[in-house]
Structures are given as structure tokens and as C-alpha cells.
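**Q** Sequence:
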Amino acid sequence: MKINSIISRYVFKELIPPFFLNTVFFSLIFLLFQMLEITKMIVNYKIGLGIVLQMIVYSMPYFLVFVFPMSVMMSVLLTFLRMSNDNEIIALRAGGISLYALVPPVVVFSLIAAIFTAWMSVYGMPWGMLGFKQLAFKVAASNLDIGLKERTFNDAFKNVMLYVNKVDLKTKTFTDVFIEDQRSPKVSVTIIAPKGKLISEPEKGKFHLKLFNGTINQVDLDKKSVNSIRFDTYSLSLDLRKAMSAANEFQKGQKEMNLDELNNYIASLERKKNSDYYEALLEFHKRFSMPFACLSLGFLAIPLGVHAKSARRSFGMVLGLVFFLCYYLMFSAAMVFGERGIYPPVIGMWVPNIVIAAIGMYLFNRVHTGGIKSVTFQF
4 MKINSIISRY VFKELIPPFF LNTVFFSLIF LLFQMLEITK MIVNYKIGLG
54 IVLQMIVYSM PYFLVFVFPM SVMMSVLLTF LRMSNDNEII ALRAGGISLY
104 ALVPPVVVFS LIAAIFTAWM SVYGMPWGML GFKQLAFKVA ASNLDIGLKE
154 RTFNDAFKNV MLYVNKVDLK TKTFTDVFIE DQRSPKVSVT IIAPKGKLIS
204 EPEKGKFHLK LFNGTINQVD LDKKSVNSIR FDTYSLSLDL RKAMSAANEF
254 QKGQKEMNLD ELNNYIASLE RKKNSDYYEA LLEFHKRFSM PFACLSLGFL
304 AIPLGVHAKS ARRSFGMVLG LVFFLCYYLM FSAAMVFGER GIYPPVIGMW
354 VPNIVIAAIG MYLFNRVHTG GIKSVTFQF
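The sequence shown begins at 4 in the numbering used here and counts up by one.
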């Protein structure tokens, strides 16, 4: 028992360095993709370093849910590859130590990672995605004059479409302004003006668009009449306070909901059983199936590392990424078929883990009984 305890502590300690290295490595890769969106906001709204750091923090829980299972698999695989290449596995088996003695530290390590992943999935991810959405909205609202694009239909305000041919950021003046105002259900208003100026009160969530020498065309849908009015000066007030309140309190996507909100949302759609219902069920089961991937992928990595030898550790990275890619493809297919209601979402979200775990148990049994001989890969 004492020898097994020493071996368990040794294996557990060996798993820690590659886990952190892989977590940093894969996090940077995911962060590069997220930086594309953040870069757009830097270019469009000239945001500072503080806002960028906040966006990165809000983004982290989402990709860590995927990074932790991948890092667990790679750390187990690289650790057992090293032990296999250094003939430590052979020495242990020659000393009467069974491969089963190497499983407990891997299970404990994977379980700890699964707990962190579960916390990220259940609490961290909804918090991060909602925080990112709110922050992005506030940045856009506070810098609307900068964010307005030339020769583009801007829909920052609900039911108001704004088109500007040219924007002068220094004077905050617009050239060739076209506005379609559909805030009234009975009257559609179109405003055209050669010149305009934006007066902003971001702290109050208000913007005033002052237009010069333009035309207002009003179409009354009930009376079926059209009125055209020419003006020298016209001020159009736009209020962002209601929209900002909605972004903060109500308009949550499925990924931004906590478990209680997601359960209530699923219950409200249970009778309809439409695509939103199935997507919400998939989201619910995904929050628990992803943490379990730490255990299934971690266990699969044991026989892969034990029986495969390579002259380079890069082979271990490739091997691990191939199997994780297979897992992700099964996971993606389950999402597609589950959203269509082809089979229950609970099956779709858990089948990839079950398949990976079954492959891991089969390979482990073959390696343990000597059914699979060590394979040496030379590059």
C-alpha cells in the first residue's frame, strides 16, 4: 500500500506542470479568436486597455470550459508518454505494480479539473457572456458618434435605421443623412437631410440628432395618406436608457442564463417543442457533459500514452489533438441533430463522453493484458 501511495503521489505531481502549460497554450489560441472581436471594438470605438482587460476576463470562462478537458487529456498523455519512453512503465510492471495502480491519481486529477470545469460551465460562463454583452453594449452606447459607419445602415437604436454618407469625427457632423423611423406602429417616417450634427448625452443614454434643410415623409398606414414636410432645422431625440435596461436585466440568451433561468425557459417552451426548446435542453445538458469530458478524455489518455512511444513529444500533442478532434466532431454532430429534435438532447450531449470512455476502457484492458504491444513512432 505504501508503494502504491508513493507512486500515486509521483504520478499526480507529474501531471501538474503539463496541465498548466497546456492550459496556457490552448487559452492563448482561444483568446486569439476572441481578440478578433475585441480588435473590432478597439478600431470602432477607440476603447482603452482597461475595457480590453475586462472583455478578456469576461471571455475566459467560456473557452476554459473547452480548454480544461483538452488540457487534462494532453497532460495525462504527455506524462505517460514520458514515463513510457523513459521505461518507467516497464520498470513498474517488472516490479509487480499493475497498471491499475496508475489509474487513481489520474482519476483524482481529472475529477478536480472536472469540478473546476463544472463551476465554470454552471456559473462562470453565464456570468462572463452576460458581462461581455453588457460591456460591449455600454461601450457602443457611450461612443455612438465614433461607432457610426459611413455608407452603412446603422441599427443601434431599436426601430430606427440610420444611414450616413460621410462622418466627420472632429466636428461630429454628418453629410447626406437618411433615417427610417418605425417607432410608431401606425406611421412610418422617412427623413432625408444633406447635413446633420450629433449631440450626445451618454451618461443619460440620450442622443439628439440635429438635421438641417431636409425633408420629412410621413406615411399613415391607417388613413393611407402621405405627407411631405420641408424643414430648416429638425431635432430627432433618441433614448438609449430603455435599451440599456433591457440589456442589463432582460435580454439574455440561453448561454447567458443561470440554471434556474434556463430551467424556467425550458418549461415555458415545453408545449411548443420548437428549435428553441431543443437548443435550451442541449445547453442545459452541455453544462454537465463538458465537465465529465475531463474524466473520459483523461482516462483514454492512459492507454494511449502507455503503449505509444515516440522520439518526439510532439507526437503526443498530435495524437491527443486527433482524439480530441474526434470528440469535438461527435459533440458538434450531437448539437446539430439535437437542435433538429432527431433524438433527445440528453442522448446527444452524453454519447460522445460514453463513446470516449468505452474506447478508453477497451484500450486500457488490451494494454493491461498485453493485447496491444508498444508501438514506436519515429519521425
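Among these hints, one or two may not hold up.
Computed cross-link-like contacts, EDC-like style, restricted to lysine to aspartate or glutamate with a CA-CA straight-line distance of at most 20 Å [what the hints assert, rightly or not]:
#	residue 1	residue 2
1	16	40
2	200	223
3	49	171
4	255	282
5	136	225
6	213	184
7	276	342
8	213	282
9	136	40
Restraint-style ranges between C-beta atoms, simulated for each label pair [said to hold, decoys possible]:
#	residue 1	residue 2	range
10	275	350	53 to 61 Å
11	91	361	37 to 45 Å
12	126	275	26 to 34 Å
13	279	98	57 to 65 Å
14	125	335	42 to 50 Å
15	335	361	13 to 21 Å
16	372	34	14 to 22 Å
17	85	361	53 to 61 Å
18	357	189	37 to 45 Å
19	224	345	55 to 63 Å
20	39	346	47 to 55 Å
21	126	98	17 to 25 Å
22	34	220	44 to 52 Å
Source of the hints: derived by calculation from the structure; they are not laboratory data. Being a predicted model, the structure only gives us computed values, none of them experimental. Positions of the beta carbon are idealized from the N, C-alpha and C atoms, including for glycine.
**Q** Would the hint linking residue 213 and residue 184 be met if the CA-CA limit is 20 Å?
**A** Roughly 15 Å between the alpha carbons, so the hint for residue 213 and residue 184 holds.
**Q** Mind checking the alpha carbons of residue 49 and residue 171 for me, to see if they're no more than 20 Å apart?
**A** holds (15 Å)
**Q** Sort out whether residue 282 lies within 20 Å of residue 213, counting only the CA atoms.
**A** With a Cα-Cα distance of about 44 Å, the restraint between residue 213 and residue 282 is violated, given a limit of 20 Å.
**Q** Go ahead and decide if the range 14 to 22 Å is satisfied by the Cβ distance of residue 372 to residue 34.
**A** violated (43 Å)
**Q** Is the distance from the Cβ of residue 126 to the Cβ of residue 98 consistent with 17 to 25 Å?
**A** 45 Å Cβ-Cβ, so the 17 to 25 Å window is violated.
**Q** Measuring from beta carbon to beta carbon, are residue 91 and residue 361 in 37 to 45 Å?
**A** Violated, since residue 91 and residue 361 (Cβ atoms, about 28 Å apart) do not stay within the stated range.
**Q** Lying within 53 to 61 Å: is that true of the beta-carbon distance residue 275 to residue 350?
**A** Because 21 Å falls outside the window, the suggested range is violated.
**Q** Holds or violated: are the alpha carbons of residue 136 and residue 225 at most 20 Å from each other?
**A** violated (38 Å)
**Q** Does 26 to 34 Å hold as the CB distance between residue 126 and residue 275, or does it fail?
**A** This hint holds: roughly 28 Å between Cβ atoms.
**Q** Regarding residue 357 and residue 189, is the given constraint of 37 to 45 Å on their beta-carbon distance met?
**A** The hint (37 to 45 Å, Cβ to Cβ) is violated, given that residue 357 and residue 189 are roughly 57 Å apart.
**Q** So if I understand the rule, the pair passes when the alpha-carbon distance is 20 Å or less; does residue 136 with residue 40 pass?
**A** Distance ~12 Å between residue 136 and residue 40 Cα, so the pair holds.
**Q** Return holds or violated for the Cβ distance of residue 125 and residue 335 against the range 42 to 50 Å.
**A** Violated, at about 22 Å.
Taken one by one, the earlier hints fail for this structure at numbers 1, 2, 5, 8, 10, 11, 14, 16, 17, 18, 19, 20 and 21, listed in ascending order.
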